[in-house]
Structure formats: C-alpha cells, structure tokens
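Protein chains in written order, with the UniProt record's numbering: chain A, 1 to 842; chain B, 1 to 117.
Hint data in this document are derived by calculation from the structure and do not stem from the laboratory. Heads up, the beta-carbon is just placed ideally off N, CA and C, and yes, glycines get one too. Worth double-checking, as some hints may not be accurate.
These stretches of chain B come out as covered by chain A in the derived footprint (C-beta under 8 Å, 3 or more residues) [stated by the list, open to error]:
no., stretch
1, 9 to 16
2, 28 to 35
3, 57 to 70
4, 75 to 83
5, 101 to 109
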Amino acid sequence: MSRTVVVAGHGMVAHRLVEAIRSEDTDGQWRIVVLGEERRPAYDRVALTSYVDGWDAGALALPGADYAGADAVELRLGDPVVEVDRAAKRVVTAFGHVQPYDALVLATGSRPFVPPVPGHDLPGCFVYRTIEDLDAIRAAVERARAGRGRPAAAVVGGGLLGLEAAKALRDMGLSPHVVEMAPRLMPLQVDQGGGALLRRLITDLGLTVHTGTSTEAIEADRGRLCARLGNGTELDVDLVVFSAGVRPRDDLARQCGLDLGERGGVLVDAACRTSDPDIYAIGECAALEGRVYGLVAPGYSMAEVAAAVLLGRDAAFPGADTSTKLKLMGVDVASFGDAHATTEGALEVAFHDAVNGTYKKLVVSENAGASRTLLGGVLVGDASDYNLLRSLVGSPLPADAAAMLAPAGADGGAVGVDALPEQAQICSCNAVTKGAIVKAVTEDGCDSVPKIKACTRAGTSCGSCVPMLGKLLTACGVEQSTALCEHFAVSRAELFEIVRATRITTFSELIAKHGKGSGCAICKPAVASILASLGTGHVLDGERATLQDTNDRFLANLQRNGTYSVVPRIPGGEITPDKLIVLGEVAKEFGLYTKITGGQRIDLFGATVEALPRIWRRLVDAGFESGHAYGKALRTVKSCVGSTWCRYGVQDSVGLAIALELRYRGLRSPHKLKSAVSGCARECAEARGKDFGIIATEQGWNLYVCGNGGATPRHADLLVSDVDTDTLVRIIDRFLMFYIRTADRLQRTASWLEDLEGGLDHLREVVVDDKLGICAELEAAMAEHVANYADEWKGVLDDPEKLARFTSFVNAPGVPDPTVEFRTEREQPVPVLLGVPEVVSR
Amino acid sequence: MTAVPELAGLTWVRVCEVDAVLRGGGVAALLADGTQVAVFRTQHDEFFALSNRDPFSGAAVLSRGIVGDVGGVPVVASPVYKQQFDLTSGVCVEDGGVRVRTFPVRVADGVVHVGSP
Ligand SMILES: Cc1cc2nc3c(=O)[nH]c(=O)nc-3n(C[C@H](O)[C@H](O)[C@H](O)COP(=O)(O)OP(=O)(O)OC[C@H]3O[C@@H](n4cnc5c(N)ncnc54)[C@H](O)[C@@H]3O)c2cc1C
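Only chain A is shown next, with the shape it has when bound in the complex (with noise of 0.2 Å):
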C-alpha cells in the first residue's frame, strides 16, 4: 500500500517536487495529492514578464505540469488549503475537501509585500505575481487607453520585480515611473555605482527613476490616481504597480502551530522538515535554517532534497548560490558573491567607463600579495564576463584585479580561460567544472562544442558558457575547424559572404580561387544551394547540374529503389476539384503510388528519370508547378482554413498561407524551411514546430521563428506580436535573409538560433530593431528573389539541352532501369525491395 503525500500550492517548486518523487519512485512508495490555490498548473513565473509578449498563458506552461496520464498523481486547482490538523493528519480547502496525509509539503511560495500607504487598496492598484495579475493590469491599461491623455503608471519598489513590472507596461506602451526608497535601483544586487549607471541607462529608455523616497499615499483624482512621494512630487496615473518585496506564505503553518522563522517564513531544517517530523516546507516559503529565498534555484535544491528525504534517502541542502544575471529592457545586470563587501577587510576595484556605459566591480580579500582571493562583484551595461568572474569566486585571482576589470583587446586586458583554477564552475545550470571538461575533452575525446554539451551537459540549459566552452577546447589545443570541408578552409557563412562579395558565379572559379582540389559531396551542393539563393539563373544550368545533390538534379525526391517522387505546389494546403483530379489522372497514367504528406499536399512516387519530364509537362499544363519538395529549400506553409469558414478563427490565415508560400517558394536555403499560419490561438496549423510560424490574433499576426519538429522539437519562440501583414512580412523577409547568410550548411533554424551568440534578443536587434543596419540590404535581397522567380521544372521542360540528361541510359534513351520493378499494396504499387548485390570483398 503506498502512502499520500499531500502538496499545498502548485508553483514552479512544488512542479518540481512532483516530477522528482515520480522519476525516483520506482517502486511506487507514494501517492501524490496536489491543492493548488491558482486556477492553472504550475507555470513558468519567472519568465512572467514575456506574458506580455503574446499574451499567450500557454507559452509559460511547465512541460508535464498537468501531469496527464500519472495515475499516482492527482492534482486539484483552484481549492486553497486552509487549515491544517496535525493531529488527525489531514488538511481541509476552501471548498470544505478533506484530504487526509501521511506526509504534507508546503510549497505555497510568497506574497507580494504591499506597503500599508493609504490607498493602496484602491482600485488602480495591482501586484505583480500572478498570471491574473497581468490581464488586471492589461485592462486597466486598455481602460485607460480610452480615457482622456496618455495612460500613465507608477511602480512602487526598484528591485530586480519592480523593474520587470515596469519593463511589462513599457511593453503595452507606457512610460512608467519607478519609485524606490533606496538610494539606487536594485539595492539587494547593485552598489552605488553600478546604481547609477543602471539609472541613467533606464532613463534613457523612457522611464522615469525616482530614488530614496518613499511613497505617502495613493489618492483617488477625478477617475485617475495621485501618487504622492516622501519627496513632494505628486505622479498622475492610472494605475499603481506595488513590487515592493515579497513575504513567505507561512499562514497554514502559523495556523497549526509550526515553529517560524525569525523573519517569517516555516522554519525547516537542511533536509527541508518542519518542527512537525511529518511535514516540510519548500521553495520561497521555507525558512531554511531560518534564512528565506526568493529566488527559484534554492527552491528547486529544496524541492530535491524534500524528495529524495520522502523516498528514505539522506539529503541535505547543498547552500544556494544566490548570484543574479538579468537583462532588463536590454541592459545586462548582474551580480555575484559577495557583491556589497561585506566581508571583513574586504577591497573593492571599481571601473566605469561612462562613455560606453559600463560598470564593473570586483570585490577581493585583503592578503597582500599577487593572490588575493575573488570574493564578488557587479556588472552591469555588460555581463559577458559573469560566467568566468562567478566561477572564480573564491579562488585566488590568476591576474592583478584591475588589469581584470579592462576591456578585453585593452593590454593585459582580461583574463582568459586557462588561468581558471580546475575546481571553476563553467557550467552553473548543470554544477559542471572545468576540470570535468578539460577531462572530457582530453580524455574522452570531445572535441566540439556539441561533444562537449553531450558529454558533460555544460552549455545545456541556459547556454551563456557555451562561448567559453569554445575557449576552453582552444586552450586544450584542439583546433576547432569551422572549414566547409577538406577544400574550403572557410565555413558555409564566410563563404556566402565570398561569393557575395566577389560576385563568382561558378564553382570552379570560386575553388580555383578561394579552395583546393575539385569539391566533394559536401561542398558542391552547398555552393549550388549559396548560388541558388544568390539568384543567378536555372540550378541545372551548365556545369552547376554536377553540382548538386541527385534531388535537386533531377528535381524530385529519390526513394530507395533509384526512383523518384513528385511533389507540385499546393500553396497553402488550398487545392481545386479540377486540380485534384489532374493529380489523380497522371498518378494513374504514369502507375504512380499516392500519399498526403505532412505538408498538406500530394507526393506521387515511383517515377523513373525518364518520366519525370513527361509528368511535369502534363502537371504545368495544368497549372501546376515545382514543390521544391527535393531542394534545401522553402516546403510549404501549412494552414488551417481561418477565419473564412471557422467559426473561432480571427484572421484568413489560408490567404496569408498562401501569399507567404508564394513569396519565398524556390528560395534556397542552408536547409529546408517550412512555415505554416493558424488563424487563431488554437493553433490548428502547428505553426510553433515551423521555421516560421504566424498565428493569428485579434489585432493581426504574431510571429514564432526558429521552431523544428521531427527528432529534436523545437517550440518556435515569439519574434514580434500583433503586427499588421506588411510588417510582418517585412520582418520574415530579413529572419529569413539574415538566416541564409549566417548558417552553417544543413543547420536548421533552430540549431541556428542556438548557436547564435545572443540568442532570439540579438536575433531581434538584427531583424527587428536593425541594430546591424543590414535590413534595408536584407529586404532588397528578398525582393530580388522574389522578382526573379521561375518554375525549376518549367525551365527543364523549355531547355532541349536540360530535357536530354532525364535518361536513365546515355546509350539507350527512353529505356527505364531494369531493375526497377513494383508490386501491388493495398491496391497500389510499391517497390519490390532489390537484393543487395554481393559485395564483392577485396
């Protein structure tokens, strides 16, 4: 018989909690019963600010948090816990359940703290915690919106919350004030000198910061709110955002009578139990040895040990690093160790550099000598070095402190990787040193980055060391090659830009002139692909024919038995009856096997090299044309049938399938890109498993990009939100430039935007805000291909020359392969598999 573990609250540490018991309870030991207080499942809350992004609940939800199909689970939501009773161990909801428990877990988070001002419970005024605290304050924004003058807001509270609360109403287009009592933003992360840097930064993108004053109260003014300030200023605002600091939920543990923190929250030890031996407290309402943490690393440490300790093991808190790293509205804020000095005799090395607008500070111990020790530090305008600086912490600094704090390129600039100490923890997501990856590269032979991360999972949560993993294969000696192949020293990118620049029109001229040898399967095809999608004439033209990969020779797909398949265009998944019964007509004329793909079209299989000509000529005549099914190129945008005949669907996202397939169809890329557009949030067309995926809203379209399906998923993430179709496209016409001029050969969106040194915010400062100045180049690029369109089997069909290499025999033309023979399925023919001649050995 297993025992019940009841959880109170469903936030992101009970999540975790759950998911930890289930992988490690093998033998079914217990069964869980979760009360959460919030309507949905645990979600992502730390990454509530970008709700505002798309408004999109969905796209904070935990993976598994619904637990479907976990018969030891069962989790009920919207039913607090209100009272538990030690004594006959079980706790009662709000609805009056009775759930009875062997163990309880309290894991109900914390509280938004609001200052007791008068008026502070006016309407007007908001938290910043929840999910329904966003849609409140998105509608009081609208409802301002309609007013009279421009909507206008305050935040109460400077800290790493109150500046997200005023990044989430500068995203719905308001200028807010930040009122914080301390002399500086960020007090807990920040000194007075990063402070102020972060303040003029802040400034400088349309907020105003007012710094060590308090705010008195929030009166009620003609349909409006009157903050005033400790200092005299009076705000005029629609609404007030209190992000003034959190309190642990310790009320059920008051009310059962649990020891407390000396500062609130439910005193536990380092296995994470209360006063009751029955009963734990994890996450932000736990008192770990009577010290509370607001952030959720220490929570998640909590929620590991809370589990192994429920599963008889012993476990203890491993300490909590409690370093932050954040960008706020595009400037990098970050601490670590002991930021503020506060150790004894600790010395402090500042540099600022004003013009650039950075801010750097390490704190160090006072042993005289080279070898002082890395206590802390701030960063903030530019946090590249945090990963190195926060993995020396503690150990003595390998240069002289100041010489560390100069740009890098400066002399004796900083310090580079091989001065770390072995024991430095490059990785922090997954605890891995640099000693365990010096060994797996010299030992165990990693010698790529992908080696690396598969080998010792450093770089594969938020991927911020990847770059140093980089350095790191470097100073181990191991070249990392970013050549093509063995003719091309360069890799596919620097190679476009080659041929870009240079306007080489041939392969042979560009090997002769930038490679070695005469090519290989590797970099013939893609310098076809960087020709093709520089637009210069037929891909089969001349010697380019030789060029290319037999799919995109003969313009069709090869199946295993040396046949092909044949894919037209169905632009948008919208197809005629006429149409449909040509496609229908030629499979049976030419004995051709017919499947729906994937893609909302027709594959037709089995045709030999010398029907292929003959089938697209009765395929064009009918409208038809080339589906680039076979080609490193764009396949298809899916839909699903929008707002013309769906009764839930808000925009025509058949018409815009359409017009986006037509745009970019026969653009080549350094791999196949395939989009699809949803006409409302429902999703039909499963846009987020695109390269690009648009989805409909109310006021027009949202944007995901750099999404895959097939082996390795890849939710696209939000690129822009409710754009009108030209912006829209604008925007995709530069994504998808910036992306062939920048990938490796056969790296896919996603892995591109992995690599990617920034991530999706660069990504959007290249495409969005044209930090790069390229836009205008990447747009002009796009129209040209769009203006110099042409059917590929068009042009086969036009060129005699082209016509004559559709033959299987050179000295026999119009002979199909002999070999080739099919067999009747399901009353269509299918190959007969070919023996495997004898391998003839030497």
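Given the coordinates of chain A, assemble chain B with the ligand onto it according to the supplied hints.
Just chain B with the ligand now, kept in the frame of chain A:
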C-alpha cells in the same frame, strides 16, 4: 585523356560523345547483357567507369552521385546513403571491405567506350 591499353578478350562498347558527360559529372550506360555501367568524368577530364549499382542500397544509381576528390583521389558519393567510392579502384572510402566493380574506359575520336568482358 585516359587511354586504356587494348586488353585481350574485351569488347569496347560505344557509350556516348565526350560532351554528353559533364565535367565533374556522370552518366549510366546499359550493356547488352543488362549490366549497368556508371561513367564519370573528373574536373581534369579523366574518365572512369564503375558498376552503376550502389552496393549499400542495391539501387542502380551511382552515376547520379556527386564526383569529387578525397585528398586528391577521385571519388563518387552514392546518392542514397552517401558512401564514397574511389573511382580508380571501386573501393569504398568509408568501408575498405566493400568494393564495386570497375570497368576499363577509353576515349577515341571524341567518343567514350567502356570495355565489356
Ligand atoms: C516577475 C517575476 C520575476 C522573477 N524573476 C526571477 C528570476 O529571474 N530568477 C529567479 O530565480 N527567480 C525569479 N522570480 C522568483 C521566482 O518566481 C520564485 O522564486 C519561484 O516562483 C518560487 O516558487 P515557489 O513554488 O516556491 O512559489 P510560487 O511560484 O509562488 O508558488 C506557490 C503557489 O502556491 C499557491 N498557494 C499559496 N498558498 C496556498 C494554499 N494555502 N493552498 C494551496 N496553494 C497555495 C500559490 O497560489 C502559488 O501558485 C521571479 C518572480 C516574479 C514574480
């Protein structure tokens, strides 16, 4: 131009004009006994001939592979699973135990011939 010496017992079968094989490309020829031969022309206008049958898939498709070189040795990559074969010996680059049959080739008066036993 490669000229294979006359070998006893060989019949030279006319395949095509030299220009019908693109530089760096291949074509297939059907011999009277049904044997399929893949004829390749390298960047340097050398001609080679292998069995057209890919030993890994069984499909008669080697002539449709990409011609190139590995460290200067001319090769063709099978279009099915991409193994490469040394054009001079037929030996598979990735798996030295596998070899496809080679055929003699000669070019005479602008016409390509393969030697059929
Ligand atoms: C905007 C924002 C940004 C943040 N950014 C970061 C960051 O960058 N890095 C970081 O480390 N942390 C960040 N945090 C903090 C992080 O979200 C918390 O540390 C984490 O969510 C704590 O998880 P938890 O499960 O302990 O509590 P919570 O996530 O608060 O979950 C507790 C749940 O329990 C429910 N509950 C409460 N009482 C009861 C009851 N009696 N019965 C049933 N259910 C109950 C609550 O409704 C809630 O759903 C951020 C928080 C916010 C709001």
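Now the hints, each set against the structure:
Using a Cβ-Cβ cut-off of 8 Å, 4 residues of the stretch 9 to 16 of chain B lie near chain A, which meets the minimum of three, so the contact claim holds. Remark: the stretch 28 to 35 of chain B is confirmed as covered by chain A, as 4 of its residues place a Cβ nearer than 8 Å to a Cβ of that chain, reaching the required three. For the stretch 57 to 70 of chain B, the assignment as covered by chain A holds, since 12 residues bring a beta-carbon within under 8 Å of that chain's beta-carbons and 3 suffice. Coverage of the stretch 75 to 83 of chain B by chain A holds [criterion: at least 3 residues with CB-CB distance below 8 Å; count 5].
Restraint check on the stretch 101 to 109 of chain B versus chain A: 1 residues with Cβ-Cβ distances below 8 Å, three needed, restraint violated.
The structure shown violates just one earlier hint, number 5.
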